[in-house]
Structure formats: structure tokens, C-alpha cells
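Q: Got chain E sorted already, so can you dock chain W onto it with the hints?
In case you want the letters, here they are:
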Amino acid sequence: MWARAGRRVLRAPRGGCRGFASPAGSPGKAGGGGVSAGREAGRAALETGRIAREVVEHLERLALVDFGGPEAVARLERAVAFADRLRAVDTDGVQPLESVLEDRCLYLRSDNVVEGNCAEELLQNSHRVVEEYFVAPPGNISLPKLDEQEPFSQS
Amino acid sequence: MAAPVLRWCCPARRWILANIDRGPRHGRGAPTGSRSSGKRGQSSVAQQPLVTAQKPRKGEHQWAAVVGLEIHAQISSNSKLFSGSQVHFAAPPNSLVSFFDASLPGTLPVLNRRCVEAAVMTGLALNCHINKKSLFDRKHYFYADLPAGYQITQQRLPIAVKGSLAYSVCVGKKRSQVINKTVRIKQIQLEQDSGKSLHDDLRSQTLIDLNRAGVGLLEVVLEPDMSCGEEAATAVRELQLILQALGTSQANMAEGQLRVDANISVHRPGEPLGVRTEVKNLNSARFLAKAIDYEIQRQIEELENGGEILNETRSFDYKLGCTVPMRDKEGKQDYRFIPEPNLPPLLLYDSASLPAGADPQQVINIDQLREQLPELPSVTREKLVQQYGMLPEHSLTLLNEVGLLEFFQNVMKETRAEPKKVTSWVLNTFLGFLKQQNLAVSESPVTPSALAELLNLLDQKAISSAAAKKVFEELWRSGGKTPAQIVSEKRLELMQDQEALEQLCQATMEEHPQVVMDLKKGNPRAINKLIGLVRKATLSRADPTMIKEMLEKQLSS
Chain E
301 MWARAGRRVL
311 RAPRGGCRGF
321 ASPAGSPGKA
331 GGGGVSAGRE
341 AGRAALETGR
351 IAREVVEHLE
361 RLALVDFGGP
371 EAVARLERAV
381 AFADRLRAVD
391 TDGVQPLESV
401 LEDRCLYLRS
411 DNVVEGNCAE
421 ELLQNSHRVV
431 EEYFVAPPGN
441 ISLPKLDEQE
451 PFSQS
Chain W
1162 MAAPVLRWCC
1172 PARRWILANI
1182 DRGPRHGRGA
1192 PTGSRSSGKR
1202 GQSSVAQQPL
1212 VTAQKPRKGE
1222 HQWAAVVGLE
1232 IHAQISSNSK
1242 LFSGSQVHFA
1252 APPNSLVSFF
1262 DASLPGTLPV
1272 LNRRCVEAAV
1282 MTGLALNCHI
1292 NKKSLFDRKH
1302 YFYADLPAGY
1312 QITQQRLPIA
1322 VKGSLAYSVC
1332 VGKKRSQVIN
1342 KTVRIKQIQL
1352 EQDSGKSLHD
1362 DLRSQTLIDL
1372 NRAGVGLLEV
1382 VLEPDMSCGE
1392 EAATAVRELQ
1402 LILQALGTSQ
1412 ANMAEGQLRV
1422 DANISVHRPG
1432 EPLGVRTEVK
1442 NLNSARFLAK
1452 AIDYEIQRQI
1462 EELENGGEIL
1472 NETRSFDYKL
1482 GCTVPMRDKE
1492 GKQDYRFIPE
1502 PNLPPLLLYD
1512 SASLPAGADP
1522 QQVINIDQLR
1532 EQLPELPSVT
1542 REKLVQQYGM
1552 LPEHSLTLLN
1562 EVGLLEFFQN
1572 VMKETRAEPK
1582 KVTSWVLNTF
1592 LGFLKQQNLA
1602 VSESPVTPSA
1612 LAELLNLLDQ
1622 KAISSAAAKK
1632 VFEELWRSGG
1642 KTPAQIVSEK
1652 RLELMQDQEA
1662 LEQLCQATME
1672 EHPQVVMDLK
1682 KGNPRAINKL
1692 IGLVRKATLS
1702 RADPTMIKEM
1712 LEKQLSS
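As you go down the protein sequences, you meet chains E and W in turn. This note's numbering puts the first residue of the first sequence at 301, with every later residue one more than the last. This note's numbering puts the first residue of the second sequence at 1162, with every later residue one more than the last.
There could be a bad hint or two in this list.
Stated by the list, open to error - FRET-style restraints, in silico, Cβ to Cβ:
#  : chain 1 : residue 1 : chain 2 : residue 2 : range
1  : W       : Leu1534   : E       : Asn412    : 20 to 26 Å
2  : E       : Leu401    : W       : Asn1466   : 54 to 60 Å
3  : E       : Arg428    : W       : Arg1336   : 51 to 57 Å
4  : E       : Gly349    : W       : Lys1357   : 42 to 48 Å
5  : E       : Arg428    : W       : Asn1599   : 40 to 46 Å
6  : E       : Leu401    : W       : Leu1534   : 28 to 34 Å
7  : E       : Asp390    : W       : Val1485   : 51 to 57 Å
8  : W       : Gly1417   : E       : Cys405    : 30 to 36 Å
9  : W       : His1360   : E       : Asn412    : 31 to 37 Å
10 : E       : Asn412    : W       : Asp1362   : 37 to 43 Å
11 : W       : Asn1466   : E       : Glu354    : 32 to 38 Å
12 : W       : Glu1567   : E       : Cys405    : 39 to 45 Å
Claimed, not checked - Listed next, the stretches of chain E that the computed footprint assigns to chain W, with coverage defined by at least 3 CB atoms under 8 Å from CB atoms of chain W:
#  : segment
13 : 398-409
14 : 412-421
Calculated from the structure, these hints are not laboratory results. From the three backbone atoms N, C-alpha and C, an ideal C-beta is built for every residue, glycine too.
Okay, chain E solo, but in the shape it has when bound (with noise of 0.2 Å):
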């Protein structure tokens, strides 16, 4: 695949996304809003190489991971700067590529009932069980703010 790519002139980096199709586009599901903020603070971090208070919080809430700290921004921006050495490449006319698995054959399994029956067995990676149910701490809690949050720890 990248050999076909490579074959053509290397040209200037292309602007904008070349993205996966928006969720906001999808029928029924909320758009505008928070995501369109995120994709543009986003986007923005494209231009700039850096990365938006408001992006980090976003990212923090939609993935639950904590940054932990600036240095973790800065690796963050490190790795978007070398992700963005792809677009020296002219894809002009090439389909993407989504997976390497686009020229395997997708295996069909018959519809018979072969698994199952160790509900013992999952039930023994849980921390909490009442009467053969997994215990999860009620609905989804929401994050606080990033402006609430106690100030960067090391760790």
C-alpha cells in the first residue's frame, strides 16, 4: 500500500481533515454543542500544534483518562506533530485505506449455541456481585469541571 503511495510527488501538507464521517451527521444523535467545539478546538490544534484547555477537558470526559499534567499535553502534541508527517503524502485518487484486513474474506459462523453457561467463572473477575449480578456504581457520574478539579499532581 505504501509503496503505491509513494510513487507519486511528495507535495506540501494538505489542509484540513480528512476525516471519518461526523457523528453529528448520524440521524437522531445530538450534534452541535460540545462536539463541534471539540472538533474545532481540534482542528485549530492542527494549525497551532497546540492543544486547547477545552480539548484536554473534552478528551478527558469522552476517553475518562486524566492527563495528569503538562507533560502529558506536550507528549500529546509531540505525537500529533509526527501523526501530522502523513499528509506530506498526495492521496489524490487513492480510496483510504481503513483496515488491513480489506482484502480478507469475513468468515460466517453457522447459528448454533457453542458458549456460554460461565456465568461462575465471569462473575470472578468482579469486584462486586450480588446474586450472580456484576455491581457497577450507579448511572454515569459526571466529571467535574477542569476549573474544580484539585491542581495537577506528579505522579
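A: Relative to the frame of chain E, chain W by itself:
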């Protein structure tokens, strides 16, 4: 209770603001429609109403509502979409869960062939274009009943697109006018179901059962071509019937096999579409229309009072009869779609493109599935109309009521009576009794054979229709006896003896000379009185028409 029930539904329906019932208060009046000017803003489907309603009162403005639906149907299969654990409704918690369903590391999805066939068949039945290549994606969000943190779905390139669903609404005073409508289908996609959460607020915890996690779903997305709750409910019912006829889903809303989310917005005719809200948790056929109509009214009231509609997700509270914002869904969701890296594209073939020497287990032929499609409800209804000469609305009722069509057909098999008579008895008398006592066809105390026998007696003129009704009542109450037994027990047989009847007519006329004189003077009602008297004398065992004939013959002689 919910907003005033809307008795009739017109296409391009106009909504008039009415008080929303939040409690025991009654609304000012049912929303009515009026003639459409033909403009509906940016809606690409213009529908002309055939029903005029009263003019809007002064000071009230017109609104148009737009309703789109996302319907999730559980695929009827033995095992799940990507794993070999069983699909079953009631089972001990977490007993139908494989390592993949529990999202243990190192497990991979393996696609179930039956689910793909179900999706293709449904797409074909709904006139969709089947994508010969479709792709799987991951939709990420965090919730305890989604152990992987993402759901495998088909967002970029679903298996079927651009279809249509035809349905019929009954309008008019007696709901006898049938209007055919169509709603466009945007797409059908395969996706995983999530597990079940049981919220224990008392102990501040949620109990998770993953039996349902990974079950195959068909998501059917209907374009916003509907304009009120009744249209949406009718479209859903028709989809249910189609899925059941195909066998791709049992589509039982009570068991959670069919779930509906509605996207609702209102706007003034001629203006752009308004902000939409998504209403989830519409899992009851009974409340589907009510919930949608409530939300439409709520939005109208909000806008009329100068407020604005938030693009939010709401839930329908069955107890309160109103929609409420969903706490968990505050804030916008970003699902961070990515291609599912563990699944290659799903390729389908037709007879022309089928690769030679391919393993039949590993390829799916769209043409073959098309040939094997069973009869769809619309075809069944058409056949009923052709074969039995019944009205379209009758065929609609026969199919809509669970088990009624089979009941009707079983009666037809065993009776010599005319189809029209059978239809009338099944749809009016039989169904009437069922509805009165809120019973399903399967719970009926009267069997098809019993009704068939009764109709035979009626057909032979062994009993009058009044007597037949009495026999039916008795059949309903007692269950065990046959119609013939009841007839002889209650002595309901029609008098067959002509001579005896003639004597009775003669005797009655002699006993009531006044009435006879009235009749001879030309009083038309006198004959009915005389017939009534003769009937009483026969203990209602004579056919009134026969009595009339006989009296007239005797009077003229």
C-alpha cells in the same frame, strides 16, 4: 394523563395549541387540522390532507410536526451477533454470556450468518438497496452495561439503504376511510445490543446482567415523513407485522424485542424545520402515539410561550404521561466512531456475481434470499380482499389483531356460510366481545369450530340472527357446550312448521282486531306491531320476514 387523544389524523397535519394535561384538568379541545397550503418549509415530502377540519380559532396559530423514528429490532436467532452464546429472553443472570460478550481481553468478534441473512431479508422486504459491501464500526461510550466501552455497529456503510415502508391509517368518523401512506427508510444496519442495568437506588448501585449483551439488532431508521403519533404508531405496527412475517424478529415490544426512539420537532408551515428532541424509552405500543403527541404539544406550548426547544434527549414517563429530560444524557455525546479493526468488509453477492466454486456456507446470495421471501402482510391483505370480497379496512383489522387472521381462516374452513357473513361476525361480534373483556384471541372461550357451527345453523336458517346472537353469548359464557346443544336447550330453533305458523298468525289477528283495522286503514306501523305479536306468540322462534310474508298473504286473501 397525556395530551388529549387525537381522534383523527390528516396528512400534513396542522397542530393547534391546546392545553397540555399535566393533571386532572381537561384540555380546551382536541388539536385539529386544516387544509394545507402545500408548503412545508424544507420538508422534501409534501402531503396533501384529504380531511378538512374546523378552521383555527382566532389567535391560535398553525404548527406542523415532524416525526422520525429509529427502531431497534432484536434479530430472531439462536446465537448472538458476534459470539456463540445463546439468545433467550428469560435465563439466570449472566448465564448466556461468552468471554467475548463480557469483553475479556483476547476475544474477537465472529459474525453470525443468520443475522446477515435476517438483515438482507428485511432490507428486501422494505424495498431497500442492499449494499454489496458494508462495513462495521465502533461507537464509543461509557456505560456499565457495555463492557467493551464501545458498540459494534454500521455507521459509515450500512447493509441496506433507501427503502420505503407503506402503511394505512383509518380516518373518518367510523375509521372507515383508508389512507395509504409511505415513510422512507434511510437505512438498516446491524449492531450489538447492550446488557441490562437494574438500578438499585436504595443501595446506590446498578446491577448488570449481560445476557442481552451482544444480541444482534437491526436498526431501522425512518425518515421524518410522519406528522403525528398515530402515523408513527401505525408505521411501527406495520413494521412489526413485516418482521414477524419474515421471521427475522419476533418484534414483541413487551419483551423488549422492538424498541422505538422518536425524533420530534415542530415548525410553522413554510418555515425551516425546528430544533428536534429525541424521545427514548418508547417501548409500549399503547403509549407510543400518546408519548409522541405529548411531546409535540409540549414543544408547541413551549414555543408559543416564547421559550425555546433544547436539542436534548428525553424519556417518556409512563406513570406521569409526559416526557422528561434524561439526566444521564445531559451534554453532547461524541461517539468517536472508528472502523472496527477486527472485521473485514462484509461482502454480499447475487447470482451474477457469485464466485464459482465458493463454499455456500461462506457466501450470501441476495437473489436466493429474495426468492425465499415469505408472503408479506400487504400481499396477505390484498389476497383477503380479492378472495373474500372484504373491504380493505377489514383486512387491516384482521391482520392487526394477533391471532385473528388464523381464527378467521379456521372458521372459513369449517363453515358453509358466506365470507361476508363470517367477516362481519368475526370483526364485529367476536372481536367486540374480546375487546369488552380485554382478551387476546388466544384467550377466547369460543373456538373457531364453535363459531363455524353456529354460522352453519344460521346459514341453514335453523335459527334466526337474534337467536344466533343469544347462542353466541351463551357459548362465550359456558365454553363447553356446542351451539346445537344450546339451541335445543333454550329452544331457539326457528319454527319450521308452516301450518302451525299460519294458524298462529290467524289466531293473533283474531285476538287483536284493532291492530288489523289500523293496518287496513293504512297505518304502516301496524304491520310491525302485528309481527311483534306473532313473534311473541312463537316465543321468538319465527323468522320476522317469514311472519310478514304470511300475514300479508293472509290479509290479502
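Q: With reference to the structure, classify each hint as holding or not holding.
A: Against the structure, the hints come out as follows:
Range check, Leu1534/W to Asn412/E: about 24 Å between beta-carbon atoms, so the 20 to 26 Å window is met. At about 55 Å, the beta-carbon gap between Leu401/E and Asn1466/W stays in the expected band of 54 to 60 Å. In this structure the hint that Arg428/E and Arg1336/W lie 51 to 57 Å apart at CB holds, the actual value being about 54 Å. For the pair Gly349/E and Lys1357/W, the beta carbons lie near 45 Å from each other, so the given range of 42 to 48 Å is met.
In this structure, Arg428/E and Asn1599/W meet the distance hint of 40 to 46 Å, their C-beta atoms being roughly 43 Å apart. Judged by the Cβ atoms, the range 28 to 34 Å given for Leu401/E and Leu1534/W holds: they are separated by roughly 32 Å. Here the CB-CB span from Asp390/E to Val1485/W is close to 53 Å, well matched to the stated 51 to 57 Å. The hint said 30 to 36 Å for the Cβ distance between Gly1417/W and Cys405/E, and at roughly 34 Å that hint holds.
Between His1360/W and Asn412/E the beta carbon distance is about 35 Å. The supplied range of 31 to 37 Å therefore holds. For the pair Asn412/E and Asp1362/W, the beta carbons lie near 40 Å from each other, so the given range of 37 to 43 Å is met. For Asn1466/W paired with Glu354/E, a C-beta distance near 34 Å keeps the hint of 32 to 38 Å intact. Distance hint check: the CB atoms of Glu1567/W and Cys405/E are about 43 Å apart, consistent with the given range 39 to 45 Å.
Coverage of the segment 398-409 of chain E by chain W holds. Counting CB-CB distances below 8 Å, 11 residues qualify, and the rule asks for three or more. As drawn, the segment 412-421 of chain E meets chain W at 8 residues by the rule of a beta-carbon pair under 8 Å; at three or more, the given contact holds.
Figure legend: structure checked against the earlier numbered hints; every hint is met.
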